[in-house]
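**Student:** Protein chains in written order, with numbering that gives the first Met the number 0: chain A, 0 to 244; chain B, 0 to 54.
In case anyone wonders, no lab produced these hints; they're calculated from the structure. Keep in mind that the hints are not guaranteed to be accurate.
Covered stretches of chain B, as calculated for chain A (at least 3 residues, CB under 8 Å) [stated by the list, open to error]:
#, segment
1, 5-11
2, 23-35
3, 44-53
With a straight-line cut-off of 25 Å between C-alpha atoms, the simulated PhoX-like cross-links for lysine-lysine are [said to hold, decoys possible]:
#, chain 1, residue 1, chain 2, residue 2
4, A, K177, A, K115
5, A, K156, B, K9
6, A, K19, B, K38
Remember, predicted model here, so these are calculated numbers, not experimental data. For each residue, glycine too, the CB sits at the ideal point set by N, CA and C.
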Amino acid sequence: MAINWFKYSAPTTFYGLAGKLIPWFAIPSALLFAVGLYIGFFVAPTDAVQSEAYRIIFIHVPASILSMFIYLVMAGYAALGLIFNTRLSAMMASALAPTGALFAFISLWTGALWGKPMWGAWWVWDARLTSELILLFLYLGFIALHASIEDPRRADKAAALLAIVGSVNVPIIYFSVKWWNTLHQGASIKFTGTTMHVAMQQAMFITLVACWFYAIAVALARVRSIILERERRTQWVTELPEVCA
Amino acid sequence: MSVADFLSMKGYGLYVWGSYGVAFAIFLLEIVLVRRKRKTTLEQLRLMRDMEGEE
Numbered sequence: 000m001a002i003n004w005f006k007y008s009a010p011t012t013f014y015g016l017a018g019k020l021i022p023w024f025a026i027p028s029a030l031l032f033a034v035g036l037y038i039g040f041f042v043a044p045t046d047a048v049q050s051e052a053y054r055i056i057f058i059h060v061p062a063s064i065l066s067m068f069i070y071l072v073m074a075g076y077a078a079l080g081l082i083f084n085t086r087l088s089a090m091m092a093s094a095l096a097p098t099g100a101l102f103a104f105i106s107l108w109t110g111a112l113w114g115k116p117m118w119g120a121w122w123v124w125d126a127r128l129t130s131e132l133i134l135l136f137l138y139l140g141f142i143a144l145h146a147s148i149e150d151p152r153r154a155d156k157a158a159a160l161l162a163i164v165g166s167v168n169v170p171i172i173y174f175s176v177k178w179w180n181t182l183h184q185g186a187s188i189k190f191t192g193t194t195m196h197v198a199m200q201q202a203m204f205i206t207l208v209a210c211w212f213y214a215i216a217v218a219l220a221r222v223r224s225i226i227l228e229r230e231r232r233t234q235w236v237t238e239l240p241e242v243c244a
Numbered sequence: 000m001s002v003a004d005f006l007s008m009k010g011y012g013l014y015v016w017g018s019y020g021v022a023f024a025i026f027l028l029e030i031v032l033v034r035r036k037r038k039t040t041l042e043q044l045r046l047m048r049d050m051e052g053e054e
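Please model the entire structure based on the sequences and the hints provided.
**Tutor:** So this is what it looks like as C-alpha cells:
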C-alpha cells in the first residue's frame, strides 16, 4: 500500500488532518492525567526521606522532559524548514515554541517549590537549574525574534538558526547532573535499574505520556491558526466552510 | 486518611498544591488562549473576505 506522506507536509491537507487528530490526543491526555495522579497520590507510598513533598515529581519530571524534548522537535522542524524550505515545518516550529516555554516554566516553578522544603532554597545557581533557565530564555528568544521580523519567511529563517544553535543546551541540561557536582539529584531511573517504588514509576510514566499528548494536541490546535493566518491569501483558505460561514 | 490530612501533605501542602495548581492553571490558560486565537483568526479571515467582496 502506497501512502503519499508528502501529501501531509502540505499545509492544505495538514490543516484538516490536524483538526481530526486533536481529540485523539486531548481526550487520552485528560484521562491519563486522572489515572496517573490517582496512582501518584493514592497508590504510591510516602517517601522515606522526603515524606509527601516528593509527590511534586509527577509533574516536575514530565514537564522537564517535555521542555527538553519539545525543544529538540522544534529545532528539528526549524532545521527541516531551513534546508528544504518547506512552509509547514517552520509553522510547526512556531506552534511548538510557546508550549515548550510553558513546560520549561512549569519545570522551574515546581522545582523551586520542591527545592525550598528539601534544600532550603527556592533557587540555586546549580548547573541543572541554570541550564534549564537558559532553555526557557531560548524559547522566549525564539518567539521574540520571530515576532520582531515582519516578513514571515525571513522570520522563520532567523528563528530557525537560533533554535538550531540553542539545541546544544539540551544535552547540557540532561548530562549536567553527571558532568558537574550539582545540588540537583541524579536520575532515579537508569538503564541498569531503578531505586523507585513501582507505583511511583507508573504514576510518573503515565503523567509523562499525559503531558506528551497534551503538548501534541495543543501544538496541533495552534498550528491550525498559524496555517490559516499565513495562507490567508490562498483560495483553499477562503473556501473553507469555517471561513465561508 | 482524612481530607484535611490529604490537603496538608504532612506539612508540604503549600509546595505540592502550589506546584500542581500553577501547572494546571497554565494548561487551562494555554487552552483558552489557543481557542481564542482560532476565533480571532477566523473572524479576521471573514472580515478580509467581506472587504474584498465589497471592492
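**Student:** If a hint holds in the structure, say so; if it doesn't, say that too.
**Tutor:** Against the structure, the hints come out as follows:
1. 5-11: holds (count 5)
2. 23-35: holds (count 6)
3. 44-53: Coverage by chain A holds here, the residue count being 4 at a Cβ distance below 8 Å.
4. A:K177 <-> A:K115: 23 Å, holds
5. A:K156 <-> B:K9: 51 Å, violated
6. A:K19 <-> B:K38: Roughly 18 Å between the alpha carbons, so the hint for K19 (chain A) and K38 (chain B) holds.
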